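Visitor: In case you want the letters, here they are:
There are 2 protein chains.
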Amino acid sequence: MKFVKELISYEDAKKITFEELNKLTKDKYKKYDLSDCLNKISYEDVISPADLPIFNKSAMDGYSVIAEDVFGASESNPIILEKIEFKESDSVELDKLNNLSKNVVGDENFELTNGFATKVSTGTKIPNGSNAVVMKEYVKEYDDYIEVYGGVHPFENVSKIGEDLKKGDVIIKKGEMINPYHIALLASVGIQKIKCVYLKIGILSTGDELISIENYGKEANNKNDEIKKIDMEYIHKTGSIINSNSLMLKCLLKNCGFDAKTYPHVEDNPAKIKKCILEILSENDILMTTGGTSVGDRDYTFEEISKLGEILYHGIKLRPGRPVGFSKIKHTDTIKYVYIFSGYPVAAAIQFELLFNKYFKPLHTLNLPLTRNFASSLGRTDIMRVKLIKKSDINTNSKLFAEPLRISGSGVISSLSSADGYAIIDENIEGYEKGDIITIYLFKQ
Amino acid sequence: MKFVKELISYEDAKKITFEELNKLTKDKYKKYDLSDCLNKISYEDVISPADLPIFNKSAMDGYSVIAEDVFGASESNPIILEKIEFKESDSVELDKLNNLSKNVVGDENFELTNGFATKVSTGTKIPNGSNAVVMKEYVKEYDDYIEVYGGVHPFENVSKIGEDLKKGDVIIKKGEMINPYHIALLASVGIQKIKCVYLKIGILSTGDELISIENYGKEANNKNDEIKKIDMEYIHKTGSIINSNSLMLKCLLKNCGFDAKTYPHVEDNPAKIKKCILEILSENDILMTTGGTSVGDRDYTFEEISKLGEILYHGIKLRPGRPVGFSKIKHTDTIKYVYIFSGYPVAAAIQFELLFNKYFKPLHTLNLPLTRNFASSLGRTDIMRVKLIKKSDINTNSKLFAEPLRISGSGVISSLSSADGYAIIDENIEGYEKGDIITIYLFKQ
Chain A
1 MKFVKELISY EDAKKITFEE LNKLTKDKYK KYDLSDCLNK ISYEDVISPA
51 DLPIFNKSAM DGYSVIAEDV FGASESNPII LEKIEFKESD SVELDKLNNL
101 SKNVVGDENF ELTNGFATKV STGTKIPNGS NAVVMKEYVK EYDDYIEVYG
151 GVHPFENVSK IGEDLKKGDV IIKKGEMINP YHIALLASVG IQKIKCVYLK
201 IGILSTGDEL ISIENYGKEA NNKNDEIKKI DMEYIHKTGS IINSNSLMLK
251 CLLKNCGFDA KTYPHVEDNP AKIKKCILEI LSENDILMTT GGTSVGDRDY
301 TFEEISKLGE ILYHGIKLRP GRPVGFSKIK HTDTIKYVYI FSGYPVAAAI
351 QFELLFNKYF KPLHTLNLPL TRNFASSLGR TDIMRVKLIK KSDINTNSKL
401 FAEPLRISGS GVISSLSSAD GYAIIDENIE GYEKGDIITI YLFKQ
Chain B
1 MKFVKELISY EDAKKITFEE LNKLTKDKYK KYDLSDCLNK ISYEDVISPA
51 DLPIFNKSAM DGYSVIAEDV FGASESNPII LEKIEFKESD SVELDKLNNL
101 SKNVVGDENF ELTNGFATKV STGTKIPNGS NAVVMKEYVK EYDDYIEVYG
151 GVHPFENVSK IGEDLKKGDV IIKKGEMINP YHIALLASVG IQKIKCVYLK
201 IGILSTGDEL ISIENYGKEA NNKNDEIKKI DMEYIHKTGS IINSNSLMLK
251 CLLKNCGFDA KTYPHVEDNP AKIKKCILEI LSENDILMTT GGTSVGDRDY
301 TFEEISKLGE ILYHGIKLRP GRPVGFSKIK HTDTIKYVYI FSGYPVAAAI
351 QFELLFNKYF KPLHTLNLPL TRNFASSLGR TDIMRVKLIK KSDINTNSKL
401 FAEPLRISGS GVISSLSSAD GYAIIDENIE GYEKGDIITI YLFKQ
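Protein sequence lines, in the order shown, are assigned to chains A and B.
Going by full-length UniProt numbering, the final residue of the first sequence carries number 445, and the count climbs one at a time with no gaps.
Going by full-length UniProt numbering, the final residue of the second sequence carries number 445, and the count climbs one at a time with no gaps.
In case anyone wonders, no lab produced these hints; they're calculated from the structure.
No experiment lies behind these values; they were computed from the predicted model shown.
It cannot be assumed that every hint is accurate.
Reference listing, derived: stretches of chain A covered by chain B, where coverage requires no fewer than 3 residues with Cβ under 8 Å from a Cβ of chain B [unchecked claim]:
{"no.": "1", "stretch": "31-40"}
{"no.": "2", "stretch": "138-147"}
Quick list of in silico lysine-lysine cross-link-like pairs, BS3-like style, CA-CA up to 30 Å [said to hold, decoys possible]:
{"no.": "3", "chain 1": "A", "residue 1": "LYS218", "chain 2": "A", "residue 2": "LYS5"}
{"no.": "4", "chain 1": "B", "residue 1": "LYS434", "chain 2": "A", "residue 2": "LYS391"}
{"no.": "5", "chain 1": "A", "residue 1": "LYS228", "chain 2": "B", "residue 2": "LYS166"}
{"no.": "6", "chain 1": "B", "residue 1": "LYS195", "chain 2": "A", "residue 2": "LYS218"}
{"no.": "7", "chain 1": "B", "residue 1": "LYS254", "chain 2": "A", "residue 2": "LYS28"}
{"no.": "8", "chain 1": "B", "residue 1": "LYS229", "chain 2": "A", "residue 2": "LYS160"}
{"no.": "9", "chain 1": "B", "residue 1": "LYS119", "chain 2": "A", "residue 2": "LYS174"}
{"no.": "10", "chain 1": "B", "residue 1": "LYS387", "chain 2": "A", "residue 2": "LYS390"}
{"no.": "11", "chain 1": "B", "residue 1": "LYS358", "chain 2": "A", "residue 2": "LYS254"}
{"no.": "12", "chain 1": "A", "residue 1": "LYS140", "chain 2": "B", "residue 2": "LYS200"}
{"no.": "13", "chain 1": "B", "residue 1": "LYS83", "chain 2": "B", "residue 2": "LYS30"}
From the derived model, a few chain A residues whose C-beta atoms are all more than 12 Å from chain B [said to hold, decoys possible]:
{"no.": "14", "residue": "ASP164"}
{"no.": "15", "residue": "THR238"}
{"no.": "16", "residue": "ARG372"}
Every residue gets a Cβ at the ideal spot worked out from N, C-alpha and C, and that includes glycine.
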């Protein structure tokens with residue numbers, strides 16, 4: 001295999017790539033509404049502008065009281081408190097905005113004093129001055145007063161100010177993927193938009209043999225006016241391949257927080273490839289190509305890219321996934337990047353995982369023992385795909401093991417859809433034995 | 001707390017709910033294009049209509065040969081094979097559809113015979129009759145013939161028919177969530193649409209104190225024409241709460257494969273609540289409400305729903321999450337369901353996880369030791385939220401532990417955004433001790 005540069009180690013390739021991604025993402029963000037930012041990556045730390053709750057809330061239905069008033073209350077020693085209602089507030093009208101008929105919380109200047117109690121519901125603000133809530137089950141209500149049958153200590157049955165968040169707390173860390181609970185917290189403190197990392201990414205597959213999935217099932221006109229349908233028989237006879245890499249990369253990017261665009265695939269023609277690269281780079285920050293990475297007569301992608309910019313690496317001592325490249329192209333005064341992934345689906349998926357996904361969405365890891373030996377090569381980083389297996393030991397504790405998947409070659413996509421994760425076997429290691437503890441990166445479901 | 005029915009165990013509630021979900025989802029699906037089915041749930045087993053690859057493919061650039069012809073070939077014993085090119089095919093024209101200038105694969109009737117070799121590229125079909133590929137590095141090319149310097153065994157450097165999928169293999173199982181690798185496989189065998197589980201789900205929050213997040217920052221008109229802005233100070237004074245539950249549930253449902261619709265929140269008014277319930281059920285299969293689940297003066301949701309249909313349960317011996325209900329309503333001859341979740345965000349999230357999400361997207365589990373004691377109650381299922389902690393032992397193996405999060409009450413959302421998972425502590429268990437091995441359900445990131 002003829003590479004335009006010497007092969008480098010995976011660690012070096014990762015370092016080069018991540019340094020460029022650092023530069024690229026430094027100032028690339030977009031503000032998304034809360035309802036659109038799920039599973040996107042936060043551009044910066046998001047700080048809470050307020051305490052949450054911002055007031056002491058009742059955790060129960062009952063009466064808010066001053067705890068000291070009811071110390072020692074019991075069935076045999078009920079304590080009497082005078083009922084006081086909130087006045088309806090004069091200062092606020094919520095109807096027009098919130099379609100509410102009355103403000104049940106009351107006068108903002110209201111302060112509870114000793115000997116009094118105010119009726120509250122679960123989740124409502126307790127009045128200033130009160131510091132506990134007696135559950136309604138411990139109260140007997142009369143017209144003007146209540147009898148309390150159980151004492152409460154300070155802050156009993158109260159959700160305290162700042163219990164969820166303190167003003168200044170970090171709600172989401174820079175680089176964190178936004179989940180539904182983050183969104184609940186953000187909404188709760190009045191944050192409506194979030195800056196998310198935003199990259200425009202285009203995907204291009206190359207190859208004479210490609211057929212687009214949209215054309216599957218359609219008619220293929222032939223020279224002799226013999227109409228044939230593009231079906232699996234047609235594909236068999238013509239040696240065509242349906243372009244699945246573009247869609248796979250688009251979905252992998254979606255799961256990583258990016259809405260990428262797939263472009264129509266292009267044939268193995270240098271001029272056409274060059275034209276596509278330039279067009280795609282004109283409207284994207286990153287181009288990801290698949291196909292055309294080994295060096296045969298048909299592999300023009302690297303050649304064309306090396307004429308347009310700088311190839312930072314071409315080929316990694318990695319298996320599967322050796323034929324991969326990364327380049328930097330100056331396009332109308334902006335630095336753009338091209339990932340040149342393998343045409344083999346599994347190699348492309350692994351290259352994407354190790355050189356892009358890992359930067360934005362590092363996977364959780366587990367250290368697990370192997371169920372069998374696994375050979376690898378010195379001087380090359382091997383990617384071992386595994387399934388997680390549960391076994392019970394003599395103590396009937398169930399333990400988790402990593403079972404390497406048996407696969408041949410790098411074309412076998414089903415090894416990825418059935419794998420639970422993978423391990424990175426360093427180039428200095430010749431293999432592992434059954435029972436060795438390995439760090440497994442877990443695929444998210 | 002007054003419940004309309006007796007509290008039941010979590011196991012019973014789960015059983016009742018899942019049986020109804022079985023009935024509901026029996027025939028509810030929608031066909032999605034491949035590009036839209038990512039992270040949706042497959043309605044049925046999807047079977048491969050073909051082998052993949054459907055032809056033997058070259059794994060290298062080189063020459064496809066009959067392996068027996070080159071046994072024993074070496075530098076000192078090169079074997080000569082006559083070159084034969086594929087004819088360009090007459091039977092197929094791909095231009096109009098795929099913009100290709102020529103078919104590089106050739107005549108479908110071509111068969112390689114002993115003594116001949118055909119040039120191939122990585123990923124292309126090898127001709128009938130050949131059964132191996134010699135890498136170009138082991139070949140010296142001349143005009144009409146090649147010299148082969150290294151032997152190959154049968155199927156060396158060949159991706160075999162059916163290596164990825166055999167016709168009849170299950171690509172995606174019924175109920176499985178569709179991932180990018182599934183989509184690559186589906187496209188590769190010409191499948192363009194997938195039946196995914198499809199439920200129309202509406203979300204409604206109830207509560208006088210609610211403010212919608214869209215209105216945050218807008219002006220609030222008051223009776224005295226004193227314009228105030230709806231900000232945290234306003235919220236503090238009025239005891240309002242921003243509706244975050246609706247958006248949280250919508251996001252949780254999105255992650256579960258469903259595109260739910262949030263409706264404007266409604267105040268604690270029986271007639272209005274009833275109207276909303278009926279309107280939402282008229283255009284949805286399931287309604288999820290939050291708020292209004294404990295029984296105070298303000299909690300009308302259960303009351304209104306019990307007038308419209310059958311309450312299957314109201315209250316589970318569960319903490320957090322006790323006030324939850326599930327009901328069945330016949331609406332214009334169709335059975336619809338209402339989940340009545342707590343108004344407390346964490347309780348609602350946990351109820352959603354245990355009674356809906358678990359049905360469609362069961363989480364991975366790990367058995368891990370606890371880092372400290374954890375008390376629970378007999379007669380009640382407790383949900384313990386945990387963080388995963390790595391510790392090194394004396395053998396410098398790093399082991400994983402589950403650390404229970406310290407939280408008070410069920411209002412604290414940050415305990416969910418910082419939790420890695422949870423454990424379900426059975427109602428028959430009084431607690432666990434440090435070191436006990438517990439099954440942890442892992443939140444996906």
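Visitor: Which of the stated hints cannot be reconciled with the structure, identified by number in ascending sequence?
Guide: Violated hints (numbers, rising): 2, 3, 9, 12, 13, 14 and 15; every other hint is consistent with the structure.
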